[in-house]
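K.L.:
Chain by chain, the residues run as shown.
2 protein chains.
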Amino acid sequence: MEGVDHLAFERKKAQFDVDHMKIVWCGSREEFELSDRISRLVASDPVFRKDNRAVLDRKVLFKNTLRKVAYAWKRIIELRLNEEEASKLRRFVDEPAFTDLHWGMFVPAIKGQGTDEQQQKWLSLAYKMQIIGCYAQTELGHGSNVQGLETTATFDPKTDEFIIHSPTLTSSKWWPGGLGKMSTHAVVYARLITDGQEHGVHGFIVQLRSLDDHLPLPGITIGDVGMKFGNGAYNTMDNGVLRFDHVRIPRNQMLMRVSLVTREGKYVQSSVPRQLVYGTMVYVRQAIVSDASIALSRAVCIATRYSAVRRQFGSHNGGLETQVIDYKTQQARLFPLLASAYAFRFVGEWLKWLYTDVTQRLQVSDFSTLPEAHACTAGLKSLTTSVTADGIEECRKLCGGHGYLCSSGLPELFAVYVPACTYEGDNTVLLLQVARHLVKTISQLNSGNKPVGTTAYMVRVEQLLQYHSDVEKAVDWLKPNVVLEAFEARAARMSIACAKNLSKFTNPEEGFQELSADLVEAAVAHCQLIVVSKFIEKLQQDIPGKGVKQQLEVLCSIYALFLLHKHQGEFLATGCINPKQGSLANEQLRYLYSQVRPNAIALVDAFNYTDHYLGSILGRYDGNVYPKLYEEAWKDPLNDTVVPDGFKEYVQPMLKQQLRNARL
Amino acid sequence: MEGVDHLAFERKKAQFDVDHMKIVWCGSREEFELSDRISRLVASDPVFRKDNRAVLDRKVLFKNTLRKVAYAWKRIIELRLNEEEASKLRRFVDEPAFTDLHWGMFVPAIKGQGTDEQQQKWLSLAYKMQIIGCYAQTELGHGSNVQGLETTATFDPKTDEFIIHSPTLTSSKWWPGGLGKMSTHAVVYARLITDGQEHGVHGFIVQLRSLDDHLPLPGITIGDVGMKFGNGAYNTMDNGVLRFDHVRIPRNQMLMRVSLVTREGKYVQSSVPRQLVYGTMVYVRQAIVSDASIALSRAVCIATRYSAVRRQFGSHNGGLETQVIDYKTQQARLFPLLASAYAFRFVGEWLKWLYTDVTQRLQVSDFSTLPEAHACTAGLKSLTTSVTADGIEECRKLCGGHGYLCSSGLPELFAVYVPACTYEGDNTVLLLQVARHLVKTISQLNSGNKPVGTTAYMVRVEQLLQYHSDVEKAVDWLKPNVVLEAFEARAARMSIACAKNLSKFTNPEEGFQELSADLVEAAVAHCQLIVVSKFIEKLQQDIPGKGVKQQLEVLCSIYALFLLHKHQGEFLATGCINPKQGSLANEQLRYLYSQVRPNAIALVDAFNYTDHYLGSILGRYDGNVYPKLYEEAWKDPLNDTVVPDGFKEYVQPMLKQQLRNARL
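Note that the protein sequences, when read in sequence, are chains B and L. Under UniProt numbering, think of the first position of the first sequence as 1, with each following residue one higher. Under UniProt numbering, think of the first position of the second sequence as 1, with each following residue one higher.
Read the hints as simulated data drawn from the structure, not as lab findings. Hints are not guaranteed to be accurate.
Stated by the list, open to error - Among chain L residues calculated to face chain B with C-beta under 7 Å, some are:
id, residue
1, Ala54
2, Met227
3, Cys421
What the hints assert, rightly or not - With a straight-line cut-off of 27 Å between C-alpha atoms, the simulated DSS-like cross-links for lysine-lysine are:
id, chain 1, residue 1, chain 2, residue 2
4, L, Lys328, B, Lys504
5, B, Lys328, L, Lys500
6, B, Lys59, L, Lys635
7, B, Lys50, B, Lys63
8, L, Lys328, B, Lys440
9, L, Lys59, B, Lys656
10, B, Lys635, L, Lys59
11, B, Lys74, L, Lys656
12, B, Lys59, L, Lys656
13, L, Lys500, B, Lys473
14, L, Lys111, B, Lys656
15, B, Lys50, L, Lys63
16, L, Lys59, B, Lys628
17, L, Lys504, B, Lys566
18, B, Lys580, L, Lys580
19, L, Lys50, B, Lys648
20, B, Lys74, L, Lys648
21, L, Lys566, B, Lys504
22, L, Lys121, B, Lys656
23, B, Lys22, B, Lys549
24, B, Lys121, L, Lys656
25, B, Lys566, L, Lys328
26, L, Lys500, B, Lys566
27, B, Lys566, L, Lys580
Unchecked claim - Which chain B residues stay away from chain L? Per the calculated CB distances, all over 12 Å, these:
id, residue
28, Lys13
29, Glu31
30, Gly104
31, Pro157
32, Ser270
33, Asp357
34, Ile442
35, Lys450
36, Leu465
37, Thr506
38, Pro508
If you're wondering where the values come from, they're calculated on a predicted model, not measured in any experiment. Ideal placement from N, C-alpha and C gives every residue a C-beta, glycine not left out.
Looking at chain B on its own, in the form it has when it is part of the complex (with noise of 0.2 Å):
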């Protein structure tokens, strides 16, 4: 059956040109082609083969981790990739790994926070990976707020050092990846003091390991944190735990760009502003939620895929039973999920054109965007990875039993991708961010501060708080201005509401904390408006190829009517639409449902995911899938002998009776 396409007939429905989806997906042609060709040249490398990593143990999976490293340097040496090639062979490589950490977190803070003379330094020696970074902030007492960290850096002025301390068990550094065994530097967050004198938190070049026996140095207590969540995911990363008994570093391995110490002990700011930083916010979050709608968008096609191949029930005279796909409740939890990866693909597109912004004001010193910038990618962040999170685990279990083989690929996507939802900002700690932003947009609207970006909706205000949907008839919910609107009112009264109810406080903080359950709804309402706007936006561009715009409003229309039924609650209760036109917008969803199902398998097709990348039986492109999942079963360690060791020692004598006399 080697070389049949088992999902031809599936294919032959799709009513749009795949390849033009293909490149409106990858944003670009030049992106679609560089995606397609180091996807293509990972796939076929024996090397990084990774279908074996659920049955190795610990070790044996770190040491190919570090194997796959090496080859994969190597071969971006070899092959002369440039830095954008060389990141995406890393991702198709898909194994986390301390490099991600190297290149992700430990030269971005370089770059951002050192000073030319130490990027210049400490990049080049980066960059040719003559030594290994992390980023070291978090602490085994302290996550989310960074403030309250215990480690310390104290300025020494008799030898011109830092003495990096680590005061109490809780201050120990854990959770970094890369620290527990490889890298041989941190970047290490620690209260400054000077003189007696505390300035808060700041970065620190600290080496960690000696560059000749990577043994650790002096005062450095260092290893891994153990096992996490999941066969394979992220146990071939080190995250680690580092304890610091004095250890001294010279005073300009400070990372000095902002504020810096001097020879005397004096603790100076500089003249580059603070708010640098959050560009570097912005940036790394637009990327977790690119992240995010691939990360959906894999679970989605293997379950998509799979939902195609399976059938159950419904076979009449002994015919083929129905494919699971044709199923009404199959549709319902799975196209939404389509149509989400979709949104968050062209939401992330939006945020990298909103990062870039956001460089161009800093570069001529214009902050004004920047409060509006931050919490919007702060909201997004939030709702991008909460809802992939879950997604990928309702995609397990849209795939039935076989869900729950590590063959299937979605328990290590799941395992591999839920602490999205906790690192970078918990996603609950960020979505009361953004509530305080927007409660502060209200207080600030009679001030004549017009609200920018994002939340510019609010200026109608006066209008929102009239409107009442006009629709009549299920199609009207197809009118992209309808559905915004109706968005936009109901994100608006709720924040508005909370704004109120926080009014009635005394204290503002108490009344925050109080409210805060309804804040975070509030922020999901006007995060959800910003993902279902900036499908609208994409839509109002010229798409082309045969039916591809089509289709795209026809998923846009999914999510939105998807998510205005599951929050019917809140259209309604905010009196934006009345029960009827709920009813209206759920019998249009389902009509939607109808018009997706033919084009499913070609609309994941469009993510031009190689069976490599995917990782997952279920979801082959083929659609073999139950002669490959038998296949793969003898693969199991348990099945290298026809009866399992311990079986003589254990359970012959259970069955023999003989347990009394037994050695167990």
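Fit chain L to the supplied structure of chain B, relying on the hints for placement.
P.N.:
Leaving out everything else, chain L in the frame of chain B:
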């Protein structure tokens, strides 16, 4: 610090008698004492250690399980434990093993479907574990649809045997626990064929492996299906794949209680009613609901204790930071799950009564309550397992980053629990069965067919259609009848709306398909009503112990009002409540959270779980989390050596810029 109770200050806050609550949780003093005794027995025995599971490779993990199983059986014999005690012991060993299927599926299948003679022969072997049995129903290509199974059992009158055969690859048995490596026998489900005629799917006892050398018998291909989701978790179980190549078994190994094949090959129904099978189904599902409350309460216990230990933000003047359990956002996510754990416990208790009731009726051939009992248990299985699976993951997220460590216990709890959403009836498929029953109940309302049991409220359909909540103040929502009526009205109206929409279709089956997503929502509303009503019924009983009943009343209100808030759209759209009343419910909910807060630790202490059973450093009874997390980290195999295996071969050359010549 050993021995100090770091949560003592929390325990002192409790406003109720924890010891009495423990008894309420267990159902009776006897049940409590039994659980308490057996759980301590297991916890104190080093053989039952389970904290190392995450790092063991598959073979070592599996061998270790075999040892535990044999040792447990030895202890059961030595201590002369009765069946109930033995089953508790297996629960507290807390490791999926082939014996779960032996005792939980193989033995009950023979009890339920075997003739007296068959029971005598096979059960006496099974009870002594002279044979090991499993339950081989699902196939590679066939899960939910039992009637679609492909395995055949063809009667050969010449030899008085059945020929068991797997005609296709997709007919391979797939998933049965205990099948892969351990079972000597299986109850195999296959299509019965006699004289060229098919008679549907029946059960057959088939020997799989030799009782001498444990090798598979001729014609049998058998193995493990491979790694499953999670570290440790279900990988201690040998879920199996099995193909038959014309395997012959004697005719008397067909389970013949309900229907049989004569020596001549005639297929005959016995006088035993088929409905007996449904009695077993009610039993299995009540056990699953009871398990849900246990799994959810374990997760809630971990998250609650750690939320009291963990501090984040809000430090004033360098004092301690705020316990995260004091944040409303944490409470709004955690306390509804705490309430759900109690709610599921009580509905599980009621299901035990239902099972007894059904069994007694079956004995006198009263099948009148069977359809309702069947629908109700199907729905409750679906509802409680879905909420529990999501709830465990929510609890993990509520622990922040550390919840991602295997040592938190939550990853494994999740991975081990999620299959419950799929096995014994996929949760969506089950909800559709509930919906079918609801629609049928409604269609019969005018025919004088009085709805019974959990659908009895439908009798008052006219009244419920007129209902508008009369809540005026937030405290009105504390009245059980007010809540109950709102839930009844919402459920009834959603079912009736579905029935009305269905009547518009000329082909009812097509309508059911088309509206299935709405039907699922109606079914969920009905099931939530059942849980709410059984919680309220429980509170109408006499409950001794200072403050115990008051605490349960608070939890009951939280459970109901949380659902009301979450599904506000349905309550509003059906006109059961107005937006003002919805907002009052939310206000009341916030107040209830503050009432639970001082009792939270005591409410999870009431589950009476040992640290061994919880298996979580974050959930330790004494709250001594950080020192123990720190200690635990060093046990990871990666920490066996300072410089990890693979560094010299792969990473050193990279650092030394000698990669070009390295062999990778």
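K.L.:
Taking the shortest Cβ-to-Cβ distance between Lys13(B) and chain L, state whether it exceeds 12 Å.
P.N.:
holds, 19 Å
K.L.:
Lys50(B) and Lys63(B) were given as a pair; does the straight-line alpha-carbon distance stay at or below 27 Å?
P.N.:
holds, 13 Å
K.L.:
Regarding the pair Lys59(L) and Lys656(B), is the alpha-carbon distance no greater than 27 Å?
P.N.:
holds, 23 Å
K.L.:
Going straight from one Cα to the other, do Lys50(B) and Lys63(L) come out at no more than 27 Å?
P.N.:
Roughly 26 Å separates the two Cα atoms, so the pair holds.
K.L.:
Assess, step by step, whether the Cα of Lys121(B) is no farther than 27 Å from the Cα of Lys656(L), and give holds or violated.
P.N.:
Holds, because 17 Å separates the two Cα atoms, which is no more than 27 Å.
K.L.:
Per the stated criterion, does the least C-beta distance between Ser270(B) and chain L lie above 12 Å, as a non-interface residue requires?
P.N.:
Fine: 28 Å to the nearest Cβ keeps Ser270(B) off the interface.
K.L.:
Does Lys50(L) pair with Lys648(B) here, judged by a C-alpha cut-off of 27 Å?
P.N.:
Since the Cα atoms of Lys50(L) and Lys648(B) sit roughly 22 Å apart, the hinted pair holds (cutoff 27 Å).
K.L.:
Verify that the Cβ of Thr506(B) lies farther than 12 Å from every Cβ atom of chain L, and report whether the claim holds or is violated.
P.N.:
At roughly 18 Å from the nearest Cβ of chain L, Thr506(B) sits farther out than 12 Å, so the non-interface label holds.
K.L.:
Decide, holds or violated, for the assertion that all CB atoms of chain L are farther than 12 Å from the CB of Leu465(B).
P.N.:
holds, 15 Å
K.L.:
Keeping to a limit of 27 Å between CA atoms, is the pair of Lys566(B) and Lys580(L) held or broken?
P.N.:
holds, 20 Å
K.L.:
CA of Lys74(B) to CA of Lys648(L), is that 27 Å or under?
P.N.:
holds, 16 Å
K.L.:
Quick one: work out the minimum CB distance from Ile442(B) to chain L and report holds if it exceeds 12 Å, violated otherwise.
P.N.:
holds, 19 Å
The structure fails none of the hints (numbered hints given earlier).
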